[in-house]
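Here is how the chains run, residue by residue.
There are 4 protein chains.
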Amino acid sequence: MSSEFEPRDPQFKARVTQSFNEQQVMQTIQAALLTVEPGVVEIEIPYQPELTQQDGFIHAGISSTIMDSACGYAAFTLMPAEARVLTIEFKVNLLAPAAGIRFRALGKVRKAGRSVFVAESELWANADGCDRLVASMTGTLMAIYPK
Amino acid sequence: MSSEFEPRDPQFKARVTQSFNEQQVMQTIQAALLTVEPGVVEIEIPYQPELTQQDGFIHAGISSTIMDSACGYAAFTLMPAEARVLTIEFKVNLLAPAAGIRFRALGKVRKAGRSVFVAESELWANADGCDRLVASMTGTLMAIYPK
Amino acid sequence: MSSEFEPRDPQFKARVTQSFNEQQVMQTIQAALLTVEPGVVEIEIPYQPELTQQDGFIHAGISSTIMDSACGYAAFTLMPAEARVLTIEFKVNLLAPAAGIRFRALGKVRKAGRSVFVAESELWANADGCDRLVASMTGTLMAIYPK
Amino acid sequence: MSSEFEPRDPQFKARVTQSFNEQQVMQTIQAALLTVEPGVVEIEIPYQPELTQQDGFIHAGISSTIMDSACGYAAFTLMPAEARVLTIEFKVNLLAPAAGIRFRALGKVRKAGRSVFVAESELWANADGCDRLVASMTGTLMAIYPK
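Protein chains in written order, with my numbering: chain F, 138 to 284; chain C, 138 to 284; chain P, 138 to 284; chain S, 138 to 284.
Don't read these hints as lab results, they were simulated from the structure. Do not rely on the hints blindly, as some may be mistaken.
Each computed BS3-like pair below joins lysine-lysine, with the alpha-carbon atoms no more than 25 angstroms apart [what the hints assert, rightly or not]: (1) C:Lys245 <-> S:Lys245; (2) P:Lys245 <-> F:Lys245; (3) C:Lys284 <-> P:Lys248; (4) S:Lys248 <-> C:Lys248; (5) F:Lys284 <-> S:Lys245; (6) P:Lys245 <-> F:Lys248; (7) P:Lys245 <-> P:Lys150; (8) P:Lys248 <-> F:Lys245; (9) S:Lys284 <-> C:Lys245; (10) C:Lys150 <-> C:Lys245; (11) P:Lys150 <-> F:Lys248; (12) S:Lys284 <-> F:Lys248; (13) C:Lys284 <-> P:Lys284; (14) C:Lys248 <-> S:Lys245; (15) P:Lys150 <-> C:Lys248; (16) S:Lys284 <-> F:Lys284.
A short list of chain C residues far from chain S (calculated; beta carbon distances all over 10 angstroms) [claimed, not checked]: (17) Arg145; (18) Ser273; (19) Tyr282; (20) Pro283.
Simulated restraints on C-beta separations [to be verified]: (21) C:Gln167 <-> F:Arg269: 25 to 35 angstroms; (22) P:Pro217 <-> F:Gln155: 16 to 26 angstroms; (23) F:Arg145 <-> P:Gln185: 50 to 60 angstroms; (24) S:Pro283 <-> F:Glu159: 30 to 40 angstroms; (25) C:Thr172 <-> P:Asp268: 17 to 27 angstroms; (26) C:Gln167 <-> F:Ala264: 27 to 37 angstroms; (27) F:Pro234 <-> S:Arg251: 34 to 44 angstroms; (28) F:Pro234 <-> S:Gly250: 19 to 29 angstroms.
Here the structure is a predicted model, which is why all the values come from computation and not from measurement. Note that CB positions come from ideal geometry on N, CA and C, so glycine has one too.
Given only the sequences and the hints, what does the whole structure look like? Please build it.
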């Protein structure tokens with residue numbers, strides 16, 4: 138996958154993977170890190186009844202969990218090695234019920250500054266061999282530098 | 138707790154409680170329904186390492202999970218008995234790290250229409266006997282009526 | 138311009154144009170309707186000192202004015218003839234200072250339902266022959282039907 | 138009006154007033170600065186047909202213009218003298234048609250950091266001697282420091 142972005146830290150994949158592995162919630166919801174490219178990260182979960190709302194669909198907060206991490210790590214790929222990443226806000230639109238067997242959050246950086254990053258995630262639900270867009274997120278992330 | 142809102146269904150508490158119990162994700166994250174009043178719902182989770190991000194704080198998506206349900210059920214208290222509730226979008230601001238021993242989402246209806254509701258949640262973290270505001274949500278909910 | 142959307146009213150261009158002409162604020166800010174296709178609307182304003190904030194850039198609220206109308210009319214192109222369009226909420230990210238000689242809001246429908254539409258706008262600033270993305274909006278619109 | 142916030146610059150009122158006067162769009166829409174207290178700013182406009190959408194209500198973008206400036210200047214009251222203020226994003230909910238004779242945006246700081254501020258605005262429409270809440274905004278602002 139090509140990219141318009143140039144990573145400032147060549148070890149960005151290892152850095153993202155390590156941080157992802159430290160997010161215990163990712164194991165709790167069985168999330169897998171699929172893609173880590175400059176400015177682009179994909180995270181996937183399988184359908185699990187334990188993560189559903191009253192109609193049997195994945196809860197919007199769980200959808201937000203993988204969309205937020207996808208946004209955050211997409212931004213993190215572009216940060217220098219010494220920075221940490223912090224989400225300051227996000228906005229989610231729920232476009233269709235989160236029904237399916239797998240759910241993939243595709244996060245992409247929209248704007249990369251020194252401190253402020255804007256990233257977007259799409260949530261794609263897979264069912265019957267088809268992918269359907271079920272939610273979208275726009276988030277603002279900050280790079281935090283050691284003092 | 139008094140309220141400016143008049144519920145259209147006197148059985149609103151039973152209706153909210155039943156739906157909450159059907160959200161399997163609420164059991165997964167050990168959420169408890171604390172308050173169900175007209176236009177106001179509170180949901181609480183204890184700190185759990187299984188729900189954390191890389192720094193040991195509750196993940197923003199999990200915070201969103203209880204804030205979204207608090208918004209949704211706050212709206213649901215005001216809907217007629219035959220309606221279902223659907224979140225169409227929300228916006229979250231992360232004001233401080235979600236550190237503490239308990240996290241309480243306080244959801245309140247801001248505007249109640251026939252179809253469209255606007256609700257807000259605050260997320261309060263309890264630590265050392267103090268409550269601290271760590272996140273806020275504004276959400277738009279819809280009442281879905283049978284055809 | 139091709140489109141994935143099929144308009145329900147073949148007179149959608151006339152309907153959008155008439156409504157746009159009734160928005161007096163569009164004349165106040167010298168806005169022009171550039172494109173009206175199924176699910177896609179473009180609106181442009183020239184730079185005007187009368188619309189600036191303290192640093193001489195176009196005020197974020199004015200940027201929002203044309204982005205909101207672009208989202209709303211993009212949704213309106215897909216509504217049946219008897220419907221009115223209403224914005225219920227939007228979210229704006231300001232990616233760069235709104236500096237330039239012309240500002241073009243490109244609105245596109247992301248999801249078209251019977252009642253609820255989600256649309257997105259990008260704001261492109263033109264300066265020195267180049268277009269630069271300076272803001273983005275995600276909005277939720279409703280189709281209001283006569284009773 | 139008392140306040141939980143302590144301004145870092147005792148000249149904050151003069152600083153806000155000067156910047157407000159430099160926003161040319163405020164004169165264009167006949168905006169007046171009503172209140173400037175630590176963490177709180179109010180801005181008002183009279184009804185003007187020149188600022189309306191197709192139904193004769195104030196356009197949501199114009200409502201956003203005074204709500205954004207109210208959020209921004211509320212944050213600005215708490216910044217040190219050398220800082221500039223920048224909006225990075227905001228979210229608007231439109232709760233009712235903006236009908237009335239005067240429209241007052243009340244902006245309040247929700248969280249004041251060194252760099253990142255979160256503020257909220259309410260838009261109150263005055264008609265027939267009554268104030269009615271017609272819109273709300275949550276915004277993220279940054280303090281920009283000279284290098």
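Any hints this thing doesn't respect? Which numbers, in order? Structure breaks hints 5, 9, 11, 15, 18, 22, 23, 25 and 28.
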